[in-house]
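Listed here are the chains, written in short residue letters.
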Amino acid sequence: MPRGYAGKFADIDLTTGRITETKFSDEVLRQYVGGRALAAKILWDRLGEKWEKVDPLGPENILLVLTGPMTCYYPGARVCVTGKSPQSNGIIASTVATEVAMELKTAGYDGLIISGKAKSPVYILVTDNKVEIKDAKHIWGKNGQQTLRAVTKETREELQKRLKKRGLQKEPAVLYIGPAGDNKSRIAAVMVKWAHGCGYGGYGGVMGSKNLKAIAVKGSGPMPDVADWSKVRELIDRVYEFCFANDGMRRWGTGAAGYSVGAETSSEPVRNWQEEWHDERSYGVDKFERKVWAKRYWGDQGCPTTCEKLSVVREGPLKGAITDNPDYETQAYAGTNLGIFQPEGDVYVNAAIENAGLCGIQGGNILGFAGELYQRKILTKKDIGFDLKWGDPKAFAALAEKIGRREGIGDILAEGTYRAALKISKMKGVDVTKYAVQAKGVAIGAHGTRSGMDYVTPIAYTCSVQSGDHTSPAAWTPEGPRGELSWGFTDTAVICLFNAMPVPESVQFEFYKAVTGWELTPEKWYGEIALRMVAMQRAALLIGGPDAKWKPADDENPPRFYEPLPSGPKKGQTTDKAKVAELKRKYYEAVGWDEKGIPRSSTLKKLGLESVDKALEKVRK
Amino acid sequence: MRDYRQCSGCRTCEVACSLYHEGKIWPEASRIRVFMLVPGAEVPHLCAQCHDYPCLKSCPVDAISWDEKLGRVLVDKKKCISCSKCITACPGNVPFLHPGDNKATICNLCDGDPQCVKICLRGRWNTLWTVPRTPSFNYRLYAKKPDQVTKELAENLYGSQRAKELT
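Chain order of the listed sequences is A and B.
Under the working numbering, the first residue of the first sequence carries the number 1, and numbering increases by one thereafter.
Under the working numbering, the first residue of the second sequence carries the number 1, and numbering increases by one thereafter.
Hint data in this document are derived by calculation from the structure and do not stem from the laboratory.
Mixed in with the good hints, there may be bad ones.
Mimicking BS3-like on lysine-lysine, the simulated pairs with C-alpha atoms at most 25 Å apart in a straight line are [claimed, not checked]:
#1 A:Lys164 / B:Lys103
#2 A:Lys153 / B:Lys144
#3 A:Lys165 / B:Lys103
#4 A:Lys161 / B:Lys151
#5 A:Lys164 / B:Lys79
#6 A:Lys161 / B:Lys103
#7 A:Lys551 / A:Lys621
#8 A:Lys382 / A:Lys394
#9 A:Lys549 / A:Lys428
#10 B:Lys164 / A:Lys153
#11 A:Lys291 / B:Lys151
#12 A:Lys605 / A:Lys50
#13 B:Lys103 / B:Lys24
#14 A:Lys8 / B:Lys24
#15 B:Lys144 / A:Lys165
#16 B:Lys145 / A:Lys165
#17 B:Lys164 / A:Lys319
#18 B:Lys79 / A:Lys165
#19 A:Lys164 / B:Lys85
#20 A:Lys161 / B:Lys85
#21 B:Lys103 / B:Lys78
#22 A:Lys161 / B:Lys144
#23 B:Lys144 / A:Lys164
#24 A:Lys606 / A:Lys50
#25 A:Lys434 / A:Lys551
#26 B:Lys57 / B:Lys77
#27 B:Lys145 / B:Lys85
#28 B:Lys151 / A:Lys153
#29 B:Lys118 / B:Lys144
#30 A:Lys153 / A:Lys137
#31 A:Lys577 / A:Lys551
#32 A:Lys165 / B:Lys78
#33 A:Lys551 / A:Lys426
#34 B:Lys145 / B:Lys164
#35 A:Lys291 / B:Lys164
#36 A:Lys161 / B:Lys164
#37 B:Lys24 / A:Lys231
To spell it out: a stretch of chain B is covered by chain A in this simulated footprint if at least three of its residues, at any positions, have a beta carbon under 8 Å from a beta carbon of chain A; those stretches are [as the list claims (entries may be wrong)]:
#38 17 to 27
#39 35 to 47
#40 80 to 87
Glycine residues also receive a C-beta, built at the ideal position from the N, C-alpha and C atoms.
Working from the sequences, and respecting the hints, build out all of it.
Here it is in structure tokens:
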């Protein structure tokens with residue numbers, strides 16, 4: 001058995017209730033590692049031939065919860081959640097920090113492969129080498145905090161009963177969905193704790209479509225053996241050293257960018273991206289720290305960085321709001337993007353978004369989109385049910401709740417920015433797609449391309465196989481394609497990007513070898529495994545369906561990213577269209593895709609992807 | 001010593017403990033176990049080394065002894081009959097039966113150099129630290145059940161109203 005892996009995946013068919021075990025050969029694991037790349041393989045093997053017809057919100061879709069070989073050895077636990085995305089109709093691998101990863105591996109599973117649809121609401125309970133499907137009718141419809149409380153209590157009591165003699169039992173780790181997930185929203189997240197989530201992709205809606213409210217996991221065994229424990233111990237210590245030295249990140253988390261990305265790099269969404277600059281000092285991380293932080297360092301299993309914070313509004317009209325962080329993305333999307341520049345307001349809207357079970361980025365994006373339509377009098381008080389003025393946390397929070405319940409206008413907005421824009425354009429007879437800041441169905445992360453001063457290149461979102469995902473941006477360099485090919489390693493080994501960034505890639509590859517016993521070189525990763533991963537994701541994205549399909553012309557930034565910046569240090573500047581075209585050409589070439597961005601036959605054959613090549617024939621026509 | 005409010009919930013202490021005692025990563029065998037019954041209210045749960053050692057008194061086979069020099073309780077696994085009496089005798093239900101050998105398991109302060117404390121201070125979380133042993137009854141105050149500690153911490157963090165809804 002390969003080292004670092006538990007050796008089996010639980011295959012759960014919710015329609016029949018049948019639970020089996022799936023194992024992969026060493027050869028497959030060497031080629032696909034785990035997480036994102038292995039997910040692409042599983043999805044292609046099982047759904048590839050009928051991809052176009054698979055409804056992401058239908059029982060035929062497969063929901064994957066995967067670890068990787070390095071998960072929970074490399075400091076900082078994480079799982080990768082994926083399937084066919086109801087946002088892009090491709091494959092978006094979304095990862096989240098959670099104890100679920102450790103619990104899965106110590107329960108004897110590398111991941112869960114969930115298919116079908118339960119007759120009535122259920123949750124899955126995983127314990128040592130055992131998977132059970134439990135009734136969740138009484139939890140269905142509950143908001144995020146209520147759901148987490150109910151599942152944690154119920155499953156812990158059950159384990160306490162079973163293992164009474166062993167002593168006090170710790171709580172199982174839980175993945176869950178809120179009302180947005182129950183109601184199959186395309187922008188619902190798979191949630192963890194208060195506000196972490198797998199947001200990109202819309203897998204909360206996929207869980208909801210399967211009548212699956214939560215997944216609770218508790219293992220009690222040791223982590224699987226590794227190739228070389230003494231080397232792993234030494235490397236854990238080195239990773240600690242790098243992460244402990246990453247002081248700014250530890251102290252402030254990505255929240256430090258809440259002021260700097262607005263003020264310095266001028267690339268933060270302000271009022272649905274109408275601006276990308278602000279110099280609002282009330283919105284600095286120092287204000288969050290003093291006014292709302294309840295914990296300075298907060299983190300998930302094994303994390304040396306603990307960049308998360310915990311925020312609570314203790315008094316005033318917004319009293320009682322609780323959220324993780326807010327990190328930079330949620331400071332931007334539930335704050336500046338809605339014209340909110342007070343920490344308390346941001347925490348309040350975030351708490352509403354996560355209680356509804358929405359993704360912080362997709363949710364904040366659609367709220368901003370609705371805000372702009374209200375500003376332009378395209379959506380009115382009558383459409384929304386109340387006034388939706390920039391800077392009003394209560395109004396935006398109320399709209400988040402409506403989206404979660406699919407109530408009134410919330411029903412349209414629950415479809416996500418891309419689809420809602422099409423529907424509202426039709427309904428109102430005005431083209432509102434130009435206000436939709438999204439790429440191929442996925443709302444864009446809170447880093448704009450216009451100022452050219454942020455880390456995202458002009459093709460970050462246009463060429464990414466995960467579309468708007470700011471943690472998977474495409475990038476071309478003279479050394480070759482990087483961006484999502486580099487960061488894709490963390491999604492595949494399933495480790496945290498923020499515990500990997502301060503650590504040299506060579507140390508990460510060394511870590512992989514100490515765990516698995518298998519050599520990994522940059523040539524093998526960039527020239528083979530990563531290329532295979534993006535080619536499979538790209539092919540799935542191009543085939544798409546059933547509701548939306550993408551043409552080569554859709555490899556574009558949203559229209560707003562070509563409007564001149566109205567303010568800030570780069571006033572008047574915009575994304576250079578010619579540069580986008582040039583970089584796109586170079587990128588396609590570098591990853592072995594043709595001038596339209598379709599993976600070439602020769603590339604796919606070299607990577608051993610003949611079936612993917614065959615499936616792409618209809619796209620090439 | 002411990003300060004619950006500082007705990008980041010990162011559980012690097014569990015990793016350090018199990019690597020030291022088990023030679024591998026094994027959170028459920030870690031002598032320090034972090035409970036997270038409500039997110040934010042993390043409770044690092046470990047032996048408080050009470051002055052009156054109720055666990056020792058409860059053991060029917062004298063498997064538990066007191067090491068005067070290092071101020072710690074020791075379990076003789078060969079003698080232990082897995083009866084769980086020490087668990088119920090402990091006011092905090094701290095001991096547990098090891099998931100591997102099914103024997104009572106209690107923190108032994110790593111022979112004077114506790115690994116959990118080491119990593120917690122190195123990572124600047126400062127939740128755990130050691131103090132010289134004094135004949136104080138106060139150690140026993142930390143022998144509390146995690147459910148109770150969670151409720152109190154949640155009130156401190158979230159206010160009594162919200163705490164009631166969340167715990």
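Hints numbered earlier in the text: which of these fail when held up against the supplied structure? When the structure is compared with the hints, none of them turns out to be violated.
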